[in-house]
Amino acid sequence: SQTIHQWPATLVQPVGSPLSLECTVEGTSNPNLYWYRQAAGRGLQLLFYSVGIGQISSEVPQNLSASRPQDRQFILSSKKLLLSDSGFYLCAWSWGITFYEQYFGPGTRLTVT
Amino acid sequence: EDQVTQSPEALRLQEGESSSLNCSYTVSGLRGLFWYRQDPGKGPEFLFTLYSAGEEKEKERLKATLTKKESFLHITAPKPEDSATYLCAVQARDTGNQFYFGTGTSLTVIP
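The listed protein sequences correspond, in order, to chains A and B.
When you read off a place in the first sequence, starting at 1, and then add 123, the result is the number in my numbering.
When you read off a place in the second sequence, starting at 1, and then add 1478, the result is the number in my numbering.
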């Protein structure tokens, strides 16, 4: 069966510090990978998605970037965090782009102070 | 422009009191509508996918239905363990992989 991992589970970082969140998927190959941010009282916002190694599409211009160095690894980064980057970050995977549900990881709670 | 609207925002039910959650959408050319359950501090858990009007899916006490403008998640005789936030998402024909999520309905089932 497929399993998706995210770490760390929680993170408190000062404004201006760098960020690296990691997501890995087990039990499948060549998954589509996604990064979402969930803010309180708002729906999930798609940040980035990837259909393969080195292929990243950005949905929202922001202070964040993503990379996919390996088939089942997806990394979310920032060089300098802003207060507005606080939120619950979720990684997801799917078999394909259309007609397929997305499966989510446990999430990372990021608080920027 | 809101693509997905869920109602009510919050719902409190007595154990055994059946009800329905609503998800209305405005995307043109629906590819799929997805229901998720999310517990506090955790990632959403996939429940159902609906593709066309008239389709129904069931799982234990939950049944999801789809019309051309909305979907309902019916909860029959809920138990306290059904308490969670239920999220709806839609995928449109002209936006590829993009899922549009609603803000969810927070369900509390009181014993």
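Source of the hints: derived by calculation from the structure; they are not laboratory data.
A virtual CB, placed ideally from N, CA and C, is assigned to each residue, including glycine.
Just so you know, not all the hints are guaranteed correct.
What the hints assert, rightly or not - Label-pair restraints from in silico Cβ distances:
no., chain 1, residue 1, chain 2, residue 2, range
1, A, Ser152, B, Thr1545, 34 to 40 angstroms
2, A, Gly164, B, Glu1534, 37 to 43 angstroms
3, B, Arg1539, A, Ala163, 45 to 51 angstroms
4, B, Thr1545, A, Ser140, 46 to 52 angstroms
5, B, Asn1500, A, Pro141, 15 to 21 angstroms
6, B, Lys1537, A, Asn153, 27 to 33 angstroms
7, B, Asn1500, A, Glu145, 33 to 39 angstroms
8, B, Asn1500, A, Ser188, 35 to 41 angstroms
9, A, Gly164, B, Arg1571, 39 to 45 angstroms
Stated by the list, open to error - Derived list of chain A stretches under chain B, where covered just means 3 residues or more per stretch with a C-beta under 8 angstroms from a C-beta of chain B:
no., region
10, 155-167
11, 223-234
Said to hold, decoys possible - Partial selection, computed: residues in chain A whose CB lies under 10 angstroms from chain B:
no., residue
12, Gln129
13, Pro131
14, Ile179
15, Glu182
16, Phe211
17, Leu213
18, Cys214
19, Ala215
Taking the hints in turn, this is what the structure says about them:
With their beta carbons about 37 angstroms apart, Ser152 of chain A and Thr1545 of chain B fall inside the hinted range of 34 to 40 angstroms. Separated by about 30 angstroms at the C-beta atoms, Gly164 of chain A and Glu1534 of chain B break the suggested range of 37 to 43 angstroms. For Arg1539 of chain B paired with Ala163 of chain A, a C-beta distance near 28 angstroms fails the hint of 45 to 51 angstroms. Separated by about 48 angstroms at the C-beta atoms, Thr1545 of chain B and Ser140 of chain A satisfy the suggested range of 46 to 52 angstroms.
In this structure the supplied range 15 to 21 angstroms is violated for Asn1500 of chain B paired with Pro141 of chain A, their Cβ-Cβ distance being about 42 angstroms. In this structure the hint that Lys1537 of chain B and Asn153 of chain A lie 27 to 33 angstroms apart at CB holds, the actual value being about 28 angstroms. For Asn1500 of chain B paired with Glu145 of chain A, a C-beta distance near 37 angstroms keeps the hint of 33 to 39 angstroms intact. For the pair Asn1500 of chain B and Ser188 of chain A, the beta carbons lie near 37 angstroms from each other, so the given range of 35 to 41 angstroms is met.
For Gly164 of chain A and Arg1571 of chain B, the hinted distance range of 39 to 45 angstroms is not satisfied, since their beta carbons lie about 29 angstroms from each other. With 6 residues having a beta carbon nearer than 8 angstroms to a beta carbon of chain B, the region 155-167 of chain A meets the requirement of three or more and the stated coverage holds. Counting residues of the region 223-234 of chain A whose CB lies closer than 8 angstroms to any CB of chain B gives 8, which reaches the minimum of 3, so the coverage claim holds. Interface hint at Gln129 of chain A: satisfied, since its Cβ lies 8 angstroms from the closest Cβ of chain B, which is below the 10 angstroms cut-off.
Because the beta carbon of Pro131 of chain A sits about 14 angstroms from the nearest beta carbon in chain B, more than 10 angstroms, this interface hint is broken. Checking Ile179 of chain A against chain B: minimum C-beta separation of about 13 angstroms lies over 10 angstroms; hint violated. A cut of 10 angstroms between beta carbons decides the hint on Glu182 of chain A: the least distance to chain B is about 7 angstroms, and the hint holds. A least Cβ separation of about 8 angstroms between Phe211 of chain A and chain B falls short of the 10 angstroms threshold, and the interface hint therefore holds.
Look at Leu213 of chain A: its Cβ gets to within about 5 angstroms of chain B, closer than 10 angstroms, so that hint holds up. The closest approach between the C-beta of Cys214 of chain A and any C-beta of chain B is roughly 8 angstroms, which is under the 10 angstroms cut-off, so the hint is satisfied. Of the supplied interface hints, the one on Ala215 of chain A holds, with its beta-carbon coming within about 8 angstroms of a beta-carbon of chain B, less than 10 angstroms.
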